[in-house]
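Could you put together the complete structure from these sequences and hints?
Just so you know, the sequences run in chain order P and A.
The working numbering applies: residue 193 is where the first sequence begins, and numbers increase by one.
The working numbering applies: residue 39 is where the second sequence begins, and numbers increase by one.
Keep in mind the hints are simulated off the structure, nothing from the lab.
Check before you lean on any hint, since a few could be wrong.
Ranges between beta-carbon positions, derived for each pair [what the hints assert, rightly or not]:
(1) A:Gly91 - P:Ala270: 43 to 53 Å
(2) P:Gly244 - A:Thr92: 27 to 37 Å
(3) P:Gln206 - A:Gly91: 49 to 59 Å
Covered by chain P, per the in silico footprint, the following chain A stretches (three or more residues, Cβ under 8 Å) [as the list claims (entries may be wrong)]:
(4) 76–84
(5) 129–139
(6) 144–152
Backbone N, C-alpha and C define an ideal beta-carbon position, used for all residues, glycine too.
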Amino acid sequence: TQLLEQSPQFLSIQEGENLTVYCNSSSVFSSLQWYRQEPGEGPVLLVTVVTGGEVKKLKRLTFQFGDARKDSSLHITAAQTGDTGLYLCAHRGSGTYKYIFGTGTRLKVLA
Amino acid sequence: NAGVTQTPKFQVLKTGQSMTLQCAQDMNHNSMYWYRQDPGMGLRLIYYSASEGTTDKGEVPNGYNVSRLNKREFSLRLESAAPSQTSVYFCASSEAGGANTEAFFGQGTRLTVV
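Laid out in structure tokens, this is it:
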């Protein structure tokens with residue numbers, strides 16, 4: 193099983209601050225996905241990164257795939273209370289159809 | 039669109055009782071999944087069904103069984119519930135596609151075994 197380690201596990205910041213969360217593995221991936229899960233809901237896909245070194249932006253969220261395709265990061269600029277939630281990275285095996293999820297980063301943005 | 043629907047949303051069981059968690063999707067997806075979510079451990083795959091008629095074990099299958107009833111429905115059964123199975127259970131579905139394919143999740147079932 194390919195292990196996806198996320199850090200930090202918990203993060204509590206004030207509204208308006210910037211933050212970065214990480215997803216790391218010793219394995220090389222063809223792509224990585226990022227999901228956000230709000231309290232009481234299931235995860236929802238934010239983005240998929242597919243090319244080493246790729247940077248994707250989704251409003252105030254910037255996703256980067258490492259050059260070696262072993263890691264990814266999510267940077268949030270000027271965090272808002274609506275960004276509160278659990279952020280999960282994931283990989284789907286192209287031959288097995290299984291989604292393997294990381295350990296998650298729980299973000300709380302305080303007003 | 040309903041997407042992925044799970045029932046029940048909440049359940050309390052006594053140790054040794056059995057129950058079935060139901061999941062249905064209306065997106066005509068081939069693949070369906072059951073995960074459990076525990077604090078600090080992300081989502082762990084229990085069983086999955088790559089297509090109708092097939093099921094396979096995931097990372098944590100012990101104590102569970104599944105049935106892919108048809109293309110829409112994928113149920114998870116606990117034959118003899120144990121306190122260690124207290125968790126939030128999520129059903130998901132996806133198209134058959136490649137590594138970039140999105141997974142769609144239900145709202146979860148919060149199960150407590152006492």
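List of violated hint numbers, smallest to largest:
none
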